[in-house]
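J.: Chains as they are written, first to last, in the working numbering: chain A, 32 to 327; chain B, 32 to 327.
For the record, the hints were derived by calculation from the structure and aren't laboratory data.
Honestly, I wouldn't trust all of these hints.
Identical copies look the same in the list; a pair holds intra-copy or inter-copy alike.
Unchecked claim - Restricting the straight-line Cα-Cα distance to at most 30 Å, the calculated cross-link-like pairs of lysine-lysine (DSS-like) are:
hint : residue 1 : residue 2
1    : Lys-203   : Lys-283
2    : Lys-135   : Lys-42
3    : Lys-186   : Lys-42
4    : Lys-71    : Lys-42
5    : Lys-289   : Lys-186
6    : Lys-203   : Lys-303
One letter stands for each residue in the lines below.
Protein chains: 2
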Amino acid sequence: MGCGSALPTSKHHLSSQVLDLRGKLFMIDCGEGTQLQFRKTRLNYNQISDVFISHLHGDHCFGLIGLISTLSLLGRTAPLRIHAHPDLEALIRPQMDYFCRENKFEVQFQPFNPREYALIYEDRNWEVYTLPLIHRVCSTGFLIKEKPRMPHIIKDKADFYQIPLPQYPAIKAGADFVTPDGEVIPNRFLVREAEAPKSYAYCSDTAYNEKLIPYLQGVQMLYHEATFSQEHLSLAEYTQHSTALQAAQIAKAAAVEKLILGHYSARYPDEKVLLDEARSVFPSSFAAQEGDVYEW
Amino acid sequence: MGCGSALPTSKHHLSSQVLDLRGKLFMIDCGEGTQLQFRKTRLNYNQISDVFISHLHGDHCFGLIGLISTLSLLGRTAPLRIHAHPDLEALIRPQMDYFCRENKFEVQFQPFNPREYALIYEDRNWEVYTLPLIHRVCSTGFLIKEKPRMPHIIKDKADFYQIPLPQYPAIKAGADFVTPDGEVIPNRFLVREAEAPKSYAYCSDTAYNEKLIPYLQGVQMLYHEATFSQEHLSLAEYTQHSTALQAAQIAKAAAVEKLILGHYSARYPDEKVLLDEARSVFPSSFAAQEGDVYEW
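Work the whole structure out from these sequences, hints included.
T.: Laid out in structure tokens, this is it:
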């Protein structure tokens with residue numbers, strides 16, 4: 032929803048993305064104006080269950096209080112989890128107490144250690160891991176992985192053999208089916224493979240960091256910041272950001288399926304220079320723009 | 032820069048205006064996303080000397096921290112004055128200390144008493160007064176008045192009579208000029224009247240409040256919130272907002288020159304209903320839209 036870096040431009044909004052996990056929404060980063068951008072997506076605020084904040088620079092979190100305030104005005108009752116650096120709660124809580132006094136939902140701050148790779152979220156279907164990044168302040172990427180899905184029972188076969196519902200879980204888990212006459216129907220005739228589990232990684236803001244590569248191995252979609260082009264490599268190093276080429280080198284080394292670039296410095300009137308640079312190393316690169324939807 | 036009310040829509044941004052005082056800029060209210068809207072105006076951030084916050088609801092002040100942060104990143108050194116309810120500083124200061132550590136300019140919070148009519152700002156040319164409003168929390172309007180301007184000395188006459196520069200102030204103040212030969216040139220031949228002093232009033236958020244009328248008498252431009260139409264009068268009363276008709280009644284009673292409406296409820300897909308209602312009472316009414324520039 033925002034692809035710019037620290038300074039807003041008339042073209043780019045501040046960092047924020049929404050990840051659709053088969054109906055549940057995760058928000059990743061929440062720069063100022065995120066709720067206005069979210070509104071444009073026509074998605075439902077109430078589907079946002081969790082917000083993940085990569086680091087405590089304003090362009091990644093100043094939109095949180097506005098989002099919370101709007102959810103409150105809309106009468107939300109479901110809790111909202113905010114996964115972030117431990118310092119965030121003390122910065123937001125006083126504002127919530129002042130501005131959102133009529134709030135009817137719980138905001139649960141779930142601090143994580145930004146310096147370690149760790150599982151910080153798990154539900155029946157999904158896992159989220161932290162990825163320590165290299166930046167001027169503690170910065171953390173996120174690796175979101177779907178758990179392997181059970182195979183689907185083929186409806187026609189289930190009907191034909193009149194498989195009782197209570198046996199579905201066992202068959203999904205690999206069991207054969209034995210008919211009342213004692214005939215054994217091998218599992219492979221009854222099920223079809225589930226889709227491959229989804230995986231997404233979000234790496235912003237960070238200097239070039241080869242330590243990420245093993246964690247990113249084979250993910251379907253990698254978002255990696257690309258604040259600068261190689262022309263400004265020394266500036267990237269100084270500010271601990273990445274160039275588009277470096278993002279592509281990480282994508283290639285990790286053999287990801289698709290690379291999404293973002294967090295563009297305001298100095299580039301057109302991100303084509305960044306995209307070309309990335310594609311020279313990793314052809315399946317894309318330069319995100321506000322409002323873009325990437326299927327995964 | 033924003034004409035919506037509390038809930039952002041895909042059409043309207045949150046409350047903020049910029050007033051150009053012959054080159055110096057005042058910002059009035061600063062809802063989330065204001066710095067992004069400001070960027071679109073192509074005005075210069077550095078010309079903003081003062082920010083006036085009408086009340087501490089998020090849609091009028093959540094953009095402040097982002098604005099301060101951006102001014103800091105841009106290397107501002109001139110102080111920024113923020114005129115607001117006394118509670119604001121304690122809510123913003125901890126965030127500034129955390130997020131704007133490299134700030135090189137001073138943010139001067141200048142609290143005012145929101146319950147009284149008082150002069151809160153004065154420089155050589157301008158005065159700003161508070162206007163107590165009626166709302167669910169303390170809410171304050173602002174009356175911005177230019178001081179009467181000195182007449183201009185007519186250049187041709189000054190050249191013709193060779194008036195020495197040190198005598199200009201006296202002549203501007205009304206003195207005649209006496210030539211070296213003792214001839215008295217009456218003041219009225221030497222000067223022409225200055226333009227009328229400008230005046231602007233900002234009234235948001237407020238219930239219908241007739242007590243405002245004497246303070247607003249004859250102002251050139253009045254911004255008055257018009258959250259609702261008369262159809263939703265009871266809602267306006269309940270939430271302590273105004274209808275467009277009420278705004279127009281205030282404008283008419285105060286004999287202002289022009290009325291600007293804003294702070295529209297998200298329920299109106301088109302503000303024409305509000306504009307028509309206001310014009311039925313006060314024809315010189317206008318429904319502000321984001322990006323509009325009103326000459327004054």
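J.: Evaluate each hint against the coordinates.
T.: Evaluation of the provided hints:
1. Lys-203 / Lys-283: The answer is neither: 35 Å in one copy and 75 Å across copies each exceed 30 Å.
2. Lys-135 / Lys-42: Close across copies (27 Å), not inside one copy (36 Å); limit 30 Å.
3. Lys-186 / Lys-42: Neither. Shortest intra-copy (50 Å) and inter-copy (46 Å) distances fail the 30 Å Cα cut-off.
4. Lys-71 / Lys-42: both (16 Å within a copy, 9 Å between copies)
5. Lys-289 / Lys-186: Neither. Shortest intra-copy (34 Å) and inter-copy (70 Å) distances fail the 30 Å Cα cut-off.
6. Lys-203 / Lys-303: Neither: 47 Å inside a copy, 59 Å across copies.
The structure shown violates the earlier hints numbered 1, 3, 5, 6.
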